[in-house]
Amino acid sequence: MEKHGSETDVLIRLEDLCKSFDNEKILKSVNLYIRDKEFVTLLGPSGCGKTTILRCIAGFETPDSGDILFEGKSVLDTPAHERPVNTVFQRYALFPHLNVYDNVAFGLRIKKVPEKEIRQKVRKMLAMVDLKGYEKRPISKLSGGQQQRVAIARALVNMPRLLLLDEPLGALDLKLRKDMQLELKNLHRQSGITFLYVTHDQEEALTMSDIIVVMKSGTIQQIGTPQDIYNEPSNAFVADFIGESNIFDASMKEDRRVTLCGAEFDCVDEKPAELVDVVIRPEDVEIVPPSEGTVTGYVEAALFKGVHYEMTVSCGGEQWIIHSTRQAAAGETIGMRVAPENIHVMKRMFPESQNRLEAKVISSDEEALTVELPLDGKSLTLRADPSLREGDAVTLLVPPRSVELCDPEDGIFSGHLDSVVWKGSHYEMILISASRRWLIKSSMDEQAGSEVSFRIQPDGVSVVKGEGQ
Amino acid sequence: MKSKKPLIPYLVWMAAFVVIPMVMVVYYAFTDSSGAFTWQNFKYIGINRQVYIDSFQVAFVSTAICLLLAYPLALMMSRMSPRAQRMMNILIMLPMWMNFILRICALEVILRPSGVLNQLLSLLGLGGNTIYRTHTAVIIGIVYNYLPFMVLPIYTVMTKISKSVIEAGQDLGCNGWRLLQKVIFPLSVPGVISGITMVFVPAASSFVISARLGGFNLIGDTIEAYYKGEIDMHAGGMLSFVLMVVIVISIAVMNHFDKDDDIVLV
Numbered sequence: 001m002e003k004h005g006s007e008t009d010v011l012i013r014l015e016d017l018c019k020s021f022d023n024e025k026i027l028k029s030v031n032l033y034i035r036d037k038e039f040v041t042l043l044g045p046s047g048c049g050k051t052t053i054l055r056c057i058a059g060f061e062t063p064d065s066g067d068i069l070f071e072g073k074s075v076l077d078t079p080a081h082e083r084p085v086n087t088v089f090q091r092y093a094l095f096p097h098l099n100v101y102d103n104v105a106f107g108l109r110i111k112k113v114p115e116k117e118i119r120q121k122v123r124k125m126l127a128m129v130d131l132k133g134y135e136k137r138p139i140s141k142l143s144g145g146q147q148q149r150v151a152i153a154r155a156l157v158n159m160p161r162l163l164l165l166d167e168p169l170g171a172l173d174l175k176l177r178k179d180m181q182l183e184l185k186n187l188h189r190q191s192g193i194t195f196l197y198v199t200h201d202q203e204e205a206l207t208m209s210d211i212i213v214v215m216k217s218g219t220i221q222q223i224g225t226p227q228d229i230y231n232e233p234s235n236a237f238v239a240d241f242i243g244e245s246n247i248f249d250a251s252m253k254e255d256r257r258v259t260l261c262g263a264e265f266d267c268v269d270e271k272p273a274e275l276v277d278v279v280i281r282p283e284d285v286e287i288v289p290p291s292e293g294t295v296t297g298y299v300e301a302a303l304f305k306g307v308h309y310e311m312t313v314s315c316g317g318e319q320w321i322i323h324s325t326r327q328a329a330a331g332e333t334i335g336m337r338v339a340p341e342n343i344h345v346m347k348r349m350f351p352e353s354q355n356r357l358e359a360k361v362i363s364s365d366e367e368a369l370t371v372e373l374p375l376d377g378k379s380l381t382l383r384a385d386p387s388l389r390e391g392d393a394v395t396l397l398v399p400p401r402s403v404e405l406c407d408p409e410d411g412i413f414s415g416h417l418d419s420v421v422w423k424g425s426h427y428e429m430i431l432i433s434a435s436r437r438w439l440i441k442s443s444m445d446e447q448a449g450s451e452v453s454f455r456i457q458p459d460g461v462s463v464v465k466g467e468g469q
Numbered sequence: 001m002k003s004k005k006p007l008i009p010y011l012v013w014m015a016a017f018v019v020i021p022m023v024m025v026v027y028y029a030f031t032d033s034s035g036a037f038t039w040q041n042f043k044y045i046g047i048n049r050q051v052y053i054d055s056f057q058v059a060f061v062s063t064a065i066c067l068l069l070a071y072p073l074a075l076m077m078s079r080m081s082p083r084a085q086r087m088m089n090i091l092i093m094l095p096m097w098m099n100f101i102l103r104i105c106a107l108e109v110i111l112r113p114s115g116v117l118n119q120l121l122s123l124l125g126l127g128g129n130t131i132y133r134t135h136t137a138v139i140i141g142i143v144y145n146y147l148p149f150m151v152l153p154i155y156t157v158m159t160k161i162s163k164s165v166i167e168a169g170q171d172l173g174c175n176g177w178r179l180l181q182k183v184i185f186p187l188s189v190p191g192v193i194s195g196i197t198m199v200f201v202p203a204a205s206s207f208v209i210s211a212r213l214g215g216f217n218l219i220g221d222t223i224e225a226y227y228k229g230e231i232d233m234h235a236g237g238m239l240s241f242v243l244m245v246v247i248v249i250s251i252a253v254m255n256h257f258d259k260d261d262d263i264v265l266v
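Protein chains in written order, with the numbering used here: chain B, 1 to 469; chain R, 1 to 266.
For the record, the hints were derived by calculation from the structure and aren't laboratory data.
Note that the coordinates shown come from a computational prediction; the quantities given were computed from them, not determined experimentally.
Idealized CB from N, CA, C, for every residue including glycine.
Just to be clear, a hint being listed does not mean it is correct.
As the list claims (entries may be wrong) - Pairwise CB distance ranges (calculated): (1) PRO82(R) to ARG389(B): 49 to 57 Å; (2) PRO186(R) to LEU174(B): 29 to 37 Å; (3) LYS141(B) to PRO82(R): 32 to 40 Å; (4) GLU446(B) to PHE185(R): 45 to 53 Å; (5) ALA15(R) to LYS112(B): 54 to 62 Å.
Said to hold, decoys possible - In silico negatives: residues of chain B with every beta carbon more than 10 Å from chain R: (6) THR87; (7) GLU451; (8) ASP459.
The whole structure should be built from the sequences, with the hints applied where relevant.
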């Protein structure tokens with residue numbers, strides 16, 4: 001697992017944290033540490049396990065295995081009410097029977113702090129979240145933004161070592177969110193408390209965090225500063241999730257030379273494998289006269305976006321998104337150039353170009369070849385192959401385009417979409433079915449995390465005799 | 001829909017079966033047999049003083065016992081799995097599907113000196129119970145009958161307390177007892193109030209239970225007696241009127257504790 005910075009001042013450390021609900025693995029061996037006074041954000045799509053991590057730290061969930069160390073000591077046996085953390089809940093969870101003052105004073109009263117001291121602290125905290133004069137208001141008479149600030153004040157007034165924030169701005173409108181982001185950042189600075197923040201909004205994460213932890217289906221994809229994550233995404237999922245980007249299938253024959261869209265580009269990376277993914281941020285593409293470009297493209301559309309123009313350019317069957325202050329009109333042919341340091345080469349999430357399946361021939365005649373797949377014993381009928389007979393072991397090579405998503409009633413197999421990334425001309429999906437990973441290329445857009453049905457189109461499948469290769 | 005027409009049948013119903021009977025009760029309470037206005041009927045309160053005292057004492061104790069039994073049960077129920085909750089709901093409702101009189105007679109068979117309880121006790125070599133024909137027997141009967149009316153409103157309110165509010169309490173340092181005291185109980189007060197109202201009122205005016213198990217009259221039995229046999233509508237009217245006034249006052253006092261009507265249980 002990737003580490004960040006030095007390991008001094010570690011406040012909390014998660015070791016091999018695993019958690020399942022109803023046999024579904026929500027956290028798959030999560031390792032993470034958070035240093036004192038840092039603002040750390042867990043970022044990922046819904047269902048990636050980020051809230052579960054927070055709930056494990058708060059003590060509302062018990063991990064199946066692994067450990068949570070607070071300043072080196074395990075807190076797994078410490079009940080929620082004794083842990084040195086406080087939480088700002090997603091839906092605020094304010095006490096409806098108490099007014100603003102009593103809500104904020106709640107934690108201090110439980111700790112039996114003298115009433116005089118409580119008054120001072122609550123006053124100061126309410127001033128900090130801009131709710132002076134609201135002490136006597138009942139919770140039901142507050143707006144969403146005000147309730148949110150009460151929730152933050154109620155947690156922060158206890159001066160916990162670690163403040164957990166579970167999508168605290170999720171229910172607010174855009175304008176209020178932006179204001180609250182700045183306010184939270186200020187509160188973090190003023191209070192000197194460590195913040196662990198959960199969100200699915202990448203912009204929020206980039207704006208506020210010292211460290212971002214990108215998650216997908218219960219595993220950490222990347223840990224780094226906002227700049228690291230944005231500029232050097234570790235894989236296509238992170239690149240896609242963290243902002244608008246051009247992600248392409250590419251190949252490398254040698255170090256620092258990468259082939260994509262039919263042209264060779266200089267880059268600064270060493271070759272990690274033959275097949276790679278490349279990410280180019282839209283603002284990193286230079287528009288030049290066609291003769292000077294590494295590749296040329298045809299401008300399909302150009303939109304004015306305020307600060308910049310957004311152009312959609314087709315080039316060698318792939319679509320490029322370009323952000324530039326220079327406008328290229330729709331219909332124009334332009335040259336495109338990318339500085340070597342702006343081409344980010346990443347390892348592929350699915351290392352092979354085809355799906356490889358070991359199967360067994362059940363029947364073979366002049367008409368057709370039927371094989372049994374290692375998927376719940378389901379079978380597939382293919383083009384006849386006279387060289388094969390019953391009982392032979394074969395390897396099927398299924399191209400990504402031969403795996404088709406379809407309606408549940410037409411589907412033979414079903415699985416779970418682990419990631420969906422737009423790659424210039426198609427969506428690249430990674431699907432998990434019967435603990436096997438499938439690579440799919442499709443023009444259909446599907447939500448990552450959804451359950452889908454699929455079938456195998458026999459035409460594109462090639463059959464090789466023998467197991468493996 | 002702004003039209004008030006759909007309300008008409010209900011208004012007629014309320015007039016016929018609520019307003020008119022109440023007016024009649026008040027009318028009889030303050031008139032004599034010739035129909036003239038009189039304060040004389042207040043003497044029946046004095047005559048039946050002990051019955052009133054017994055009634056409210058029995059009702060008060062029964063309600064308190066119901067609350068003590070029902071609150072922990074409702075709390076446990078609200079934390080069970082949905083399946084277990086449905087099961088418990090049925091178990092609590094089940095006795096109410098049986099006829100009320102039948103249940104009281106069954107209790108009588110258990111409690112009376114030659115009853116099932118004493119037979120069991122004597123088999124074990126223990127002395128016979130002396131509960132039968134005491135206040136205790138009546139209280140047992142009332143608690144047995146009205147317990148569901150205490151459990152269900154409290155349980156309903158508790159299921160509406162959101163899980164995250166409970167977690168917020170734990171997060172802010174509440175152990176189990178503190179959580180009950182500072183979060184769960186304050187939020188369940190509306191259920192407790194309606195439970196108390198639903199038990200206290202019928203318990204105070206109950207009849208049959210006292211006659212059967214206690215062998216003495218509570219206010220309900222006394223009122224019944226004035227309308228049976230030697231009919232005295234005026235005495236019965238006055239006793240009913242006073243009972244009504246006392247109950248209205250006690251409900252008003254109860255609701256005063258439940259002043260935060262706008263509590264939203266999110």
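task = Compare the structure with the hints numbered earlier in the document and write down the numbers of the violated ones, lowest to highest.
result = 6
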